[in-house]
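Input sequences plus hints: build the corresponding full structure.
105 is the number of the first residue of the sequence shown in my numbering; add one for each residue after it.
Any given hint could turn out to be false.
If you anchor each label on the Cβ, the simulated ranges turn out as follows [as the list claims (entries may be wrong)]:
| # | residue 1 | residue 2 | range |
| --- | --- | --- | --- |
| 1 | 109 | 141 | 19 to 27 angstroms |
| 2 | 107 | 162 | 54 to 62 angstroms |
| 3 | 108 | 156 | 46 to 54 angstroms |
| 4 | 141 | 162 | 29 to 37 angstroms |
| 5 | 154 | 184 | 50 to 58 angstroms |
| 6 | 143 | 113 | 14 to 22 angstroms |
| 7 | 108 | 137 | 14 to 22 angstroms |
| 8 | 185 | 149 | 52 to 60 angstroms |
The hints are simulated quantities; they were obtained by calculation from the structure and are not laboratory data. The beta carbon of each residue, even a glycine, is placed where N, CA and C say it ideally should be.
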Amino acid sequence: GRAGAPGIALSFVTAPEWNLMIAIQRYLKLSFERRTLAGLKARFNGPKKQKSSGKAVGSKKKSRPSTDEKARSRQRNKKQVGKRRRPATPPTGGNDGFAPLKKRDPGR
Numbered sequence: 105g106r107a108g109a110p111g112i113a114l115s116f117v118t119a120p121e122w123n124l125m126i127a128i129q130r131y132l133k134l135s136f137e138r139r140t141l142a143g144l145k146a147r148f149n150g151p152k153k154q155k156s157s158g159k160a161v162g163s164k165k166k167s168r169p170s171t172d173e174k175a176r177s178r179q180r181n182k183k184q185v186g187k188r189r190r191p192a193t194p195p196t197g198g199n200d201g202f203a204p205l206k207k208r209d210p211g212r
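In structure tokens, the structure reads:
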């Protein structure tokens, strides 16, 4: 860009920026002149296939084979789970006065 100053603006466009350049051309309703500079020969000259908008055509995604719910197994089901650890403090009998109150039987 020129930042408002008169003169010629040069922009280098890489392959990932191609669609952005096309969008700018469409917005400004201009066609940018493409030039090559000595010693800076580009390997990318635009996408082989283009949409009507001028943007590159995306690659088709491969369809994944459907798997049954039963055939698919979760990672958590496959894991080897070792023996569970005992709690650090054994459960108390409740005679120390700090245990919560027990529910009464409704039949009493």
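Each hint tested on the structure:
Roughly 21 angstroms separates the CB atoms of residue 109 and residue 141, a value that falls within the hinted 19 to 27 angstroms. At roughly 34 angstroms, the beta-carbon separation of residue 107 and residue 162 lies outside the given 54 to 62 angstroms, and the hint is violated. A hinted range of 46 to 54 angstroms is violated for the C-beta pair residue 108 and residue 156, which are about 34 angstroms apart. Look at residue 141 against residue 162: about 30 angstroms separates their beta carbons, and that is inside 29 to 37 angstroms.
A C-beta distance of roughly 53 angstroms is found between residue 154 and residue 184, which places it inside the suggested range of 50 to 58 angstroms. The beta-carbon spacing between residue 143 and residue 113, approximately 20 angstroms, falls within the hinted interval of 14 to 22 angstroms. The hint said 14 to 22 angstroms for the Cβ distance between residue 108 and residue 137, and at roughly 21 angstroms that hint holds. Judged by the Cβ atoms, the range 52 to 60 angstroms given for residue 185 and residue 149 holds: they are separated by roughly 57 angstroms.
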